[in-house]
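Novice: Listed here are the chains, written in short residue letters.
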Amino acid sequence: MAHSVRRDAPELPDFSLLKRLARDQLIYLLEQLPGRKDLFIEADLMSPLDRIANVTTLKQHDVDKLYKVEHKPIVSTSDQLCFLIRPRIKTVKWICDVVNADKAFGRFRRYKIIFSPQKFYACENLLEEQGIFGDVTTDEWSFYLLPLDDDIISLELPEFFRDYFLEGDQRWVRTAGSALHLLHSVYGPFSKVYGIGRCSKMAYESWREQVEEGEQRARQAEIGNVFLIDRDVDLVTPLCSQVVYEGLVDDIFRIKCGCVEFCPDVTSSDKSIKVMLNSQDKVFNEIRNEHFSQVFGFLSQKARNLQTAYDKRSGMNIKQMKTFVSEELKGLKQEHRLLSLHIGASESMMKKKTKQDFQELLKTEHSLLEGFEIRECISYIEEHINRQVSMVESMRLLCLLSLTENGLLPKDYRSLKAQFLQSYGIEHLLTFSNLKQLGLLVEQQPGETLTVMESRVGKLVNDKTAGKLTDAFSSLAKKSNFRALGRRLNLVPKSDEEYDLRVPRDMAYIFSGAYIPLSCKLIEQVLERDGWTGLEEVTRMLNGHEFAVTAGSNGSDARVKTDSQRIILVMFLGGCTFSEISALRFLGREKGIKFIVVTTAITNSARLLESMLDNHA
Amino acid sequence: MMRGKPDEDDYWNSSKFKAFTFDDEDDDFTRLKESKRAVNSIRSLVEEEDEEDDVEKVSWSGEPVGSISWSVKETESSIRSTGEVRDQSFPKIHTAPSLPKNSSGYSLSSLFKGKAKTGSFQSFSESFGDPSIRNYAPELRKPKSEYKDYVSDWTPEETVKRMQQGKVYSLEKFRSLQDKLLLLDEAVNAHDGNVITAVLIYLKKSLSKEILFRELITREIALRHYIHYLKEIGEQKLLVELFKSMDRTEDMALMQYRDHLNVRDENKRRDFLKNCLSFPFSPDDATHVQDHYTLLERQIIIEANDKQVESSGQADIFKKYPRKASILNMPIITTLYYSCFYHYGESDGTFSSPANIRKTFRISDKQFLLTCLGARAKLKAWFDVDALFTTKNWLGYTKKRSPIGFHRIVDILQKNNAPVQVLQDYVNLVEDVEQKISLAQKYKCHDVIINTYRDLKDRQQLIVYRGKVEKGSSEYRKIEEILSNSQLRWKN
Chain A
1 MAHSVRRDAP ELPDFSLLKR LARDQLIYLL EQLPGRKDLF IEADLMSPLD RIANVTTLKQ
61 HDVDKLYKVE HKPIVSTSDQ LCFLIRPRIK TVKWICDVVN ADKAFGRFRR YKIIFSPQKF
121 YACENLLEEQ GIFGDVTTDE WSFYLLPLDD DIISLELPEF FRDYFLEGDQ RWVRTAGSAL
181 HLLHSVYGPF SKVYGIGRCS KMAYESWREQ VEEGEQRARQ AEIGNVFLID RDVDLVTPLC
241 SQVVYEGLVD DIFRIKCGCV EFCPDVTSSD KSIKVMLNSQ DKVFNEIRNE HFSQVFGFLS
301 QKARNLQTAY DKRSGMNIKQ MKTFVSEELK GLKQEHRLLS LHIGASESMM KKKTKQDFQE
361 LLKTEHSLLE GFEIRECISY IEEHINRQVS MVESMRLLCL LSLTENGLLP KDYRSLKAQF
421 LQSYGIEHLL TFSNLKQLGL LVEQQPGETL TVMESRVGKL VNDKTAGKLT DAFSSLAKKS
481 NFRALGRRLN LVPKSDEEYD LRVPRDMAYI FSGAYIPLSC KLIEQVLERD GWTGLEEVTR
541 MLNGHEFAVT AGSNGSDARV KTDSQRIILV MFLGGCTFSE ISALRFLGRE KGIKFIVVTT
601 AITNSARLLE SMLDNHA
Chain B
1 MMRGKPDEDD YWNSSKFKAF TFDDEDDDFT RLKESKRAVN SIRSLVEEED EEDDVEKVSW
61 SGEPVGSISW SVKETESSIR STGEVRDQSF PKIHTAPSLP KNSSGYSLSS LFKGKAKTGS
121 FQSFSESFGD PSIRNYAPEL RKPKSEYKDY VSDWTPEETV KRMQQGKVYS LEKFRSLQDK
181 LLLLDEAVNA HDGNVITAVL IYLKKSLSKE ILFRELITRE IALRHYIHYL KEIGEQKLLV
241 ELFKSMDRTE DMALMQYRDH LNVRDENKRR DFLKNCLSFP FSPDDATHVQ DHYTLLERQI
301 IIEANDKQVE SSGQADIFKK YPRKASILNM PIITTLYYSC FYHYGESDGT FSSPANIRKT
361 FRISDKQFLL TCLGARAKLK AWFDVDALFT TKNWLGYTKK RSPIGFHRIV DILQKNNAPV
421 QVLQDYVNLV EDVEQKISLA QKYKCHDVII NTYRDLKDRQ QLIVYRGKVE KGSSEYRKIE
481 EILSNSQLRW KN
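Here the protein sequences come in this chain order: A and B.
For the first sequence, UniProt numbering assigns the number 617 to the last residue and increments by one with no breaks.
For the second sequence, UniProt numbering assigns the number 492 to the last residue and increments by one with no breaks.
Keep in mind that the hints are not guaranteed to be accurate.
Here chain B is said to cover these stretches of chain A; the calculated rule only asks that three of the stretch's residues, wherever they fall, bring their Cβ under 8 Å from a Cβ of chain B [said to hold, decoys possible]:
hint, region
1, 161-169
2, 384-395
3, 428-439
Each computed PhoX-like pair below joins lysine-lysine, with the alpha-carbon atoms no more than 25 Å apart [unchecked claim]:
hint, chain 1, residue 1, chain 2, residue 2
4, B, Lys204, A, Lys90
5, B, Lys415, A, Lys353
6, A, Lys351, A, Lys271
7, B, Lys392, B, Lys380
8, A, Lys436, A, Lys192
9, A, Lys355, B, Lys380
10, A, Lys312, A, Lys271
11, A, Lys363, B, Lys415
12, A, Lys411, B, Lys366
13, B, Lys231, A, Lys436
14, A, Lys352, A, Lys271
15, B, Lys392, A, Lys90
16, B, Lys392, A, Lys363
17, B, Lys442, A, Lys93
18, B, Lys244, A, Lys352
19, B, Lys205, A, Lys90
20, B, Lys392, A, Lys352
21, B, Lys204, B, Lys244
22, B, Lys444, B, Lys400
23, A, Lys330, A, Lys302
24, B, Lys244, A, Lys436
25, A, Lys351, B, Lys444
26, B, Lys244, A, Lys355
27, A, Lys351, B, Lys378
28, A, Lys353, B, Lys442
29, A, Lys72, B, Lys400
It should be emphasised that the hints constitute simulated quantities derived from the structure, not laboratory data.
Glycine is no exception: its CB is placed at the ideal position from the N, C-alpha and C atoms.
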């Protein structure tokens, strides 16, 4: 693929269809409870709902008042209550309390729970145990996929990461399979599926079974190939500071469901503004994938152009002025508004970052990635902890240290942990236990010499046995093997070479040229090789679970290279970052292909680590 | 974002809760046609139960009315007429179970395949090949008529499949331990966490916990689902028993320790933590938990005392800097900072003194210095700051020492708005000359710069610097003076 002639990238399929599907189904479900009703909505379902429906739609279907689920007694006077929730025990418990309180009060109402995207038996069991099964009707709103942009689709399930990777609960595996099935039905049939990771494998199987269970119509495929990847294949990338514009905005202001709230500081007014960030925003679209250092230059150039466009007015006669006002002015004003917003955001981010010595932080991160001056990095982290600077940031650096170094030396682990607990609270013992369980922050085991032994034994016996041995070893200590992977895949370019961020030469530009994201590199390699051949050593270090399958038994027929073959759907199980999406967009431009990113949620280092916290009741 | 339609405004006014907005999007119903087409292709999404499985389903609604429901109904009927595309099917990949399926050593799945309506004869004969199995499956020998009362007669595999599809199923017939375990293993093989948990809920109800725990030991995946389920429904006690039975004592200890977060009252929390001390933590964690208890115990004492002192208005420090929050449940370092702020100079016999806290919680020199420095600098107690670094040798000479680089100290002082006179003392202590000059320039410590250039005998730089300071100022005069000093031997 790399050396084929670069063609124009194909058009992306229209994903707005997914929104209409979800909306229609919701309306159908609301009609299942005829008459006026109050609707209680789970807090984190509100933004996704915002993207597909509006109050008018709900009101047209007899929704009277809207409430946010707050796990408190309710004040509704309606005779019918409808709950639109995620299938969470905590929320269902609350509903049980509401219903039982009504019963105790002798109050009769009708209740309906709509679980999105599906219900769980554990929730229904709770209804049964609380004696309200039957008093409450339940339904499922199969709202699996929310298109956030032309090329980003989210399942909006941030809990996927913790549930699967920390707790080992596979409740969302089928959900992922169903989401794939939906995409396959509407935009497929897919012809090839690649993947890596245990969860990816299971999601693939679940999807395949659902395809077999259902029927399918012959249709022209819009998406040809699929790549599935588990988040724990690459935990380093989401823990790095983001320096590409969109990623940086997410790190600092937190983009929620494609929307960001800019504080008064940015808007230079007395109130904050909510702004949609997607390809519709022309200014944003041009800078979202740029390294932050390039953004200022771009914005000021843009501002100058705008000035020139405005200045045209001066020499105009009445007629020209009329055309100008009716045709150009609106666009210019719009651009003006966007431009000033993004300039404000850039300034504010700049200020925040200089205040916290961003350069030094980045330097430490890059040293960790490179494996250079580790002792200095450790004392930097130590001081970071001592000064009680941001807890999550300290934890992030500790995890990066552990992941890149295959764990901390016992002496370092003990001392850093003790200092962390002193600075941020002893209850973080629980957090450390979680981080250890997931393999994010571990102590090197004395048996770490296994690595050496392993490679020696590996040379003596044949490959198959070596594979088995590796399995045995890896179960002893889950290792990230970051250094070896980095060398093998050239993830960390030599630091002495100049890297021109204006003209990026590879995906490393998203981290200032210091590191090519492992996740994206794997995708590139597999697509280039059309499979995992030649990557055996890499997959072995990643704990295996790789696969590549082709549709139909007679897949050998020379497939026509249609456009759909150059549209690749990449599904991240456990979340992906905006930086990774930028890297894939870059790769797509280089290779003349288009990537569609499907993710269980957009993540970043803070979200990922906050999901590991256990320090509140 | 929201157009102010009058009826919507009404709505927002009437709602007592915080409103949120929906972006108006074009809800053109003619487009419904298109989405309907798409709905057609995804059968399982909107489909109801299969008719033959339709059992009592409680529903408030009568007939669904309106265009949407009608369209969905039509969807259903059109689904059945769609043609099949079989050549697009994907191969199955081997998803290896991460642990051996069954601890009992023999597989019983074949038995149940034999019992199924469309059972495979191959496995049936297999099961007869092993005579010992019959003893473990006495039900097989019962006459078929006895099963009539069962709602269903599905194999574990079929049952799991039906559960995945949300169809009617029944677990009651899985009564023998073997049947139950087969069902569990089948659920695990299907990789569907929802079904695994459902089966576990059934096993929890129908097996004694000892037996269930014993069987879960060898079933890692099921075990993790069980633990997560118990955590979610808050069955703390059972979870503790589970960990205990599995000898996972550290998990057990942490699990119980976690509960302190639910204890609001500080005295009760302290007692709870005291109780935690006996739990089997790892040696390191045991120390931390001990610290936690000691910390809260002292915080309670300090809090009670300071609250009283503050309200009585006895101490100046509290009048000048009223406390913003209570010290209860704050981290150790925050407590140390508090003590350096309000209790500096107390004898180390008192719980609230910095020295006592430092000793009790084994705080490193570096950490102690950083915290103390922050607190004293905040109070602008420059004399205390000075004393922190001053050491006397046996001859009585004093010298300034620091476990962290003086450039850092300068940084911290500067962030606390230290005046130039204070700053320059510390800038002077920075060893690296270049770093010293750059810091001095950053914070405008003229004396340091001038003296350094003089010591370096760098006439050129001094002349350059003269151009930067205000003409006629004291710095300017000082430079003039040095430059005109004929005693100095300049290097340039």
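Novice: Under 8 Å between beta-carbons, do enough residues of the region 161-169 of chain A, three at least, approach chain B for the coverage claim to hold?
Specialist: holds (count 4)
Novice: Going straight from one Cα to the other, do Lys244(B) and Lys436(A) come out at no more than 25 Å?
Specialist: holds, 21 Å
Novice: Does Lys90(A) sit within 25 Å of Lys205(B), going by the straight-line distance between their CA atoms?
Specialist: Answer holds: Lys205(B) to Lys90(A) is near 21 Å, not above 25 Å.
Novice: Holds or violated: are the alpha carbons of Lys392(B) and Lys380(B) at most 25 Å from each other?
Specialist: Given pair Lys392(B), Lys380(B) holds - Cα atoms ~24 Å apart, limit 25 Å.
Novice: The region 428-439 of chain A covered by chain B? Criterion: 3 or more residues, Cβ-Cβ distance below 8 Å.
Specialist: holds (count 3)
Novice: Run the distance test for Lys392(B) versus Lys352(A): straight-line Cα separation, threshold 25 Å.
Specialist: violated, 42 Å
Novice: Could you grab the alpha-carbon distance between Lys312(A) and Lys271(A) and see if it respects the 25 Å cut-off?
Specialist: Violated - the C-alpha atoms of Lys271(A) and Lys312(A) are around 33 Å apart, more than 25 Å.
Novice: Given the hint that Lys353(A) pairs with Lys442(B), test it: the Cα-Cα distance must not exceed 25 Å.
Specialist: holds, 19 Å
Novice: Mind checking the alpha carbons of Lys444(B) and Lys400(B) for me, to see if they're no more than 25 Å apart?
Specialist: Given that 25 Å is the threshold and the Cα spacing comes to 22 Å, the pair holds.
Novice: Count the residues of the region 384-395 of chain A whose CB lies closer than 8 Å to any CB of chain B, then report whether that count reaches three.
Specialist: Holds: 3 residues of the region 384-395 of chain A have a Cβ under 8 Å from chain B.
Novice: Taking only the CA atoms, is the gap from Lys436(A) to Lys192(A) under or equal to 25 Å?
Specialist: Cα-Cα ~36 Å, so violated.
Novice: For Lys72(A) and Lys400(B), compute the direct alpha-carbon distance and say whether it is at most 25 Å.
Specialist: Not satisfied, since the Cα-Cα distance of roughly 59 Å exceeds 25 Å.
The structure fails to meet hints 8, 10, 15, 16, 17, 18, 20, 26, 29 from the earlier list, while all remaining hints are met.
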